[in-house]
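Please model the complete structure; the sequences and the hints are all you need to start from.
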Amino acid sequence: MVATGISRELPNVAGRGRIRTGRIALQGFLIAISLLWLFPLAWAIYTSLRPYADTALRGYVSLPATLNLDNYITAWNQGEIPKYFVNSVVIVVPAVILVLFLASMLAFAVTKFRWRFNLLLLMIFTAGNLLPAQIIITPLYRLYLLLPLPAPLSDNGLFYDQYVGIIVIHVAFQLGFCAFVLSNYMKTLPGELTEAALVDGASAWNIYRNVILPLCRPVLAALATLEVTFIYNDFFWALILMKSGNKLPITTALNNLKGEFFVNNNLVAAGAVIVALPTIIVYVLLQKQFIRGLALGSTKG
Amino acid sequence: MLTSVPTGTEVSRSRKVRSRFSVLSRRDKVILAVMVGVPSLVTLVFIWLPVILSILLSFTSWNGIGGIDKIKPVGLTNYVNLLTKYQAFWPALEHNLLWLGFFLFVATPIGIFLAVLLDKEVRGTRFYQSVLYMPVVLSLAIVGFIWQLQYSSSQGFINNLTGHTGQDNLIDWLGNPNLNLWAIIIAAAWRHVGYITVLYLAGLKSVDPTLREAAAIDGANQRQTFFRVVFPVMAPINVVIVVITVIESLRAFDIAYITNKGLNGLELLSVLVTNNIIGEASLVGFGSAIGVVLLVISVGPIIVYLSRSMRDQA
Numbered sequence: 019m020v021a022t023g024i025s026r027e028l029p030n031v032a033g034r035g036r037i038r039t040g041r042i043a044l045q046g047f048l049i050a051i052s053l054l055w056l057f058p059l060a061w062a063i064y065t066s067l068r069p070y071a072d073t074a075l076r077g078y079v080s081l082p083a084t085l086n087l088d089n090y091i092t093a094w095n096q097g098e099i100p101k102y103f104v105n106s107v108v109i110v111v112p113a114v115i116l117v118l119f120l121a122s123m124l125a126f127a128v129t130k131f132r133w134r135f136n137l138l139l140l141m142i143f144t145a146g147n148l149l150p151a152q153i154i155i156t157p158l159y160r161l162y163l164l165l166p167l168p169a170p171l172s173d174n175g176l177f178y179d180q181y182v183g184i185i186v187i188h189v190a191f192q193l194g195f196c197a198f199v200l201s202n203y204m205k206t207l208p209g210e211l212t213e214a215a216l217v218d219g220a221s222a223w224n225i226y227r228n229v230i231l232p233l234c235r236p237v238l239a240a241l242a243t244l245e246v247t248f249i250y251n252d253f254f255w256a257l258i259l260m261k262s263g264n265k266l267p268i269t270t271a272l273n274n275l276k277g278e279f280f281v282n283n284n285l286v287a288a289g290a291v292i293v294a295l296p297t298i299i300v301y302v303l304l305q306k307q308f309i310r311g312l313a314l315g316s317t318k319g
Numbered sequence: 137m138l139t140s141v142p143t144g145t146e147v148s149r150s151r152k153v154r155s156r157f158s159v160l161s162r163r164d165k166v167i168l169a170v171m172v173g174v175p176s177l178v179t180l181v182f183i184w185l186p187v188i189l190s191i192l193l194s195f196t197s198w199n200g201i202g203g204i205d206k207i208k209p210v211g212l213t214n215y216v217n218l219l220t221k222y223q224a225f226w227p228a229l230e231h232n233l234l235w236l237g238f239f240l241f242v243a244t245p246i247g248i249f250l251a252v253l254l255d256k257e258v259r260g261t262r263f264y265q266s267v268l269y270m271p272v273v274l275s276l277a278i279v280g281f282i283w284q285l286q287y288s289s290s291q292g293f294i295n296n297l298t299g300h301t302g303q304d305n306l307i308d309w310l311g312n313p314n315l316n317l318w319a320i321i322i323a324a325a326w327r328h329v330g331y332i333t334v335l336y337l338a339g340l341k342s343v344d345p346t347l348r349e350a351a352a353i354d355g356a357n358q359r360q361t362f363f364r365v366v367f368p369v370m371a372p373i374n375v376v377i378v379v380i381t382v383i384e385s386l387r388a389f390d391i392a393y394i395t396n397k398g399l400n401g402l403e404l405l406s407v408l409v410t411n412n413i414i415g416e417a418s419l420v421g422f423g424s425a426i427g428v429v430l431l432v433i434s435v436g437p438i439i440v441y442l443s444r445s446m447r448d449q450a
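Protein chains in written order, with this note's numbering: chain G, 19 to 319; chain H, 137 to 450.
Any given hint could be a false lead.
[To be verified] Under the rule of at most 30 Å between Cα atoms (straight-line distance), these lysine-lysine pairs were calculated in the DSS-like manner:
(1) Lys341(H) to Lys261(G)
(2) Lys276(G) to Lys397(H)
(3) Lys341(H) to Lys205(G)
(4) Lys208(H) to Lys221(H)
(5) Lys101(G) to Lys261(G)
(6) Lys208(H) to Lys261(G)
(7) Lys306(G) to Lys341(H)
(8) Lys397(H) to Lys101(G)
(9) Lys265(G) to Lys397(H)
In case anyone wonders, no lab produced these hints; they're calculated from the structure.
Since we're looking at a predicted model, the values are computed, not measured.
The following block contains the structure:
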């Protein structure tokens with residue numbers, strides 16, 4: 019604003035001044051937004067570090083007399099957190115490996131060879147990925163109670179209340195997104211690669227395994243990062259399709275723990291931070307992959 | 137579906153050659169069939185079969201007890217009951233629409249606006265990005281727990297800060313049916329804004345920079361450049377973002393469920409379906425009918441999305 023007075027004489031300087039004012043305003047705004055965005059999580063961490071007695075005495079909005087990890091220890095032990103973490107791993111690891119394996123094979127077959135029903139395939143996978151889960155849950159729940167699943171995959175002969183059941187539905191739901199991203203990427207790989215290998219007598223499996231898959235490593239890394247967080251974060255499938263409380267993955271288990279053990283907000287805070295921590299670690303370490311994976315789903319390549 | 141058609145002729149625009157091979161061995165054909173067949177089977181059995189069953193079962197009555205032979209056709213009864221007798225239905229639909237409206241007209245535009253600001257690449261952009269994207273990595277259930285620490289009536293930040301913790305002036309953010317929906321929508325928006333920013337910024341980065349230079353040379357200011365040049369070029373991303381916003385709003389579930397099991401002001405279609413399954417009287421036909429309502433609402437955006445993808449494929 020100050021610069022406008024002299025703008026006629028010194029247009030250059032004035033212009034630069036205005037830009038600088040704009041930049042400072044922008045910086046200020048972005049800092050304010052960032053603080054606002056960080057606050058809920060920062061507050062959760064702060065609350066989780068304060069003993070309940072301390073907040074009861076001084077109120078929640080106060081400076082702490084003591085900060086310690088007691089809430090974490092209590093939550094960890096009373097909530098039997100390790101057990102639920104193991105359950106999550108048992109679901110997440112096979113689900114992510116399977117979904118990437120199936121999606122990459124599908125994308126390979128569809129992009130490198132021409133099929134009569136390419137369009138139909140695109141529709142059933144993409145649309146399947148977009149449907150809200152609740153549309154299918156009522157019949158799916160019944161199917162899970164009817165479909166036989168032999169031991170050792172199931173200990174009750176059904177899909178219901180089994181890790182395999184949860185893994186399968188995650189795979190089915192995530193296939194569309196992963197196949198979409200992977201096929202967009204594979205389309206950018208030159209078709210000559212496949213042709214040359216075919217001429218050399220390589221089998222389709224060998225081309226997939228030794229030519230195409232290694233080239234897809236960056237996309238697979240991005241998708242793996244994303245899928246780990248997606249599947250770890252799922253609350254819904256296990257809520258409906260699992261019955262045994264001690265088989266629940268941690269994200270779903272937390273809700274039960276809240277009612278039973280986490281009687282004050284300090285403990286709820288500690289529980290929430292513990293459950294959020296793995297995804298936050300993934301985010302901090304693999305932010306690039308995570309963002310790339312998200313962006314790949316909406317843009318082409 | 138499992139017959140591959142030998143071709144190599146559809147190389148119209150680029151060098152995206154699809155292999156031509158009437159020379160494919162039998163074994164290769166089997167392998168390729170498996171590569172397409174297994175994922176298709178999984179998707180068809182676990183997603184599309186339930187979709188079809190959902191539609192069929194919605195015209196029947198079955199309480200889930202006893203075999204499939206106990207399923208009775210009842211015509212439109214479930215839909216009539218849903219629309220006229222089930223008290224939670226209209227509030228749930230209204231809440232879903234409010235959720236969608238807030239996401240579409242407030243949260244998504246904020247996300248786009250922040251993406252445009254971050255696209256200027258001022259110093260510290262990477263830090264700002266990391267902070268704004270962070271909630272995206274969290275489950276909506278965890279988002280609910282984190283915001284409960286803000287909203288909780290006696291132990292939450294907001295009431296403690298503003299002195300509303302007494303018996304006479306307590307604000308029950310999550311219990312009061314006039315407030316709780318907005319409270320959880322804001323919490324969910326904390327995550328949604330970051331999500332939109334990620335997607336939109338990726339789109340902005342892919343806009344040809346010479347377009348902006350040309351606009352600048354023609355004397356367009358930043359606003360004009362964005363609304364008249366960048367935004368139209370971004371049309372495909374804009375469609376994706378609208379579709380994602382709609383779908384996310386319909387999927388909203390976790391946060392309402394963990395707050396109070398989706399009762400007393402937090403009814404949503406997704407919660408009604410769930411409570412019907414978990415509840416004592418599980419009405420399969422009735423629950424399917426609610427699912428079909430969700431399906432009907434989702435079909436529009438899904439078709440928009442598919443037709444865009446298909447245009448890209450063609």
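Here's how the hints hold up against the structure:
Between Lys341(H) and Lys261(G) the CA atoms are separated by roughly 46 Å; this puts the pair beyond 30 Å, and the hint is violated. At most 30 Å may separate the alpha-carbon atoms for a hinted pair to count; Lys276(G) and Lys397(H) meet this at roughly 13 Å. For a cut-off of 30 Å, the pair hint linking Lys341(H) to Lys205(G) stands: about 21 Å separates their Cα positions. For the hint linking Lys208(H) to Lys221(H), the alpha-carbon distance of about 20 Å falls within 30 Å, and the restraint holds.
Annotation: proposed proximity of Lys101(G) to Lys261(G) holds, straight-line Cα distance about 16 Å (limit 30 Å). Of the pairs offered as hints, the one joining Lys208(H) and Lys261(G) holds, with about 28 Å between alpha carbons and a cut-off of 30 Å not exceeded. Between Lys306(G) and Lys341(H) the alpha-carbon distance is near 15 Å, which keeps this suggested pair within the 30 Å criterion. At roughly 25 Å between alpha-carbon atoms, Lys397(H) and Lys101(G) fall within 30 Å of each other, so this suggested pair holds.
Between Lys265(G) and Lys397(H), the direct Cα distance comes to roughly 21 Å. Compliance with the 30 Å bound is thereby established for this hinted pair.
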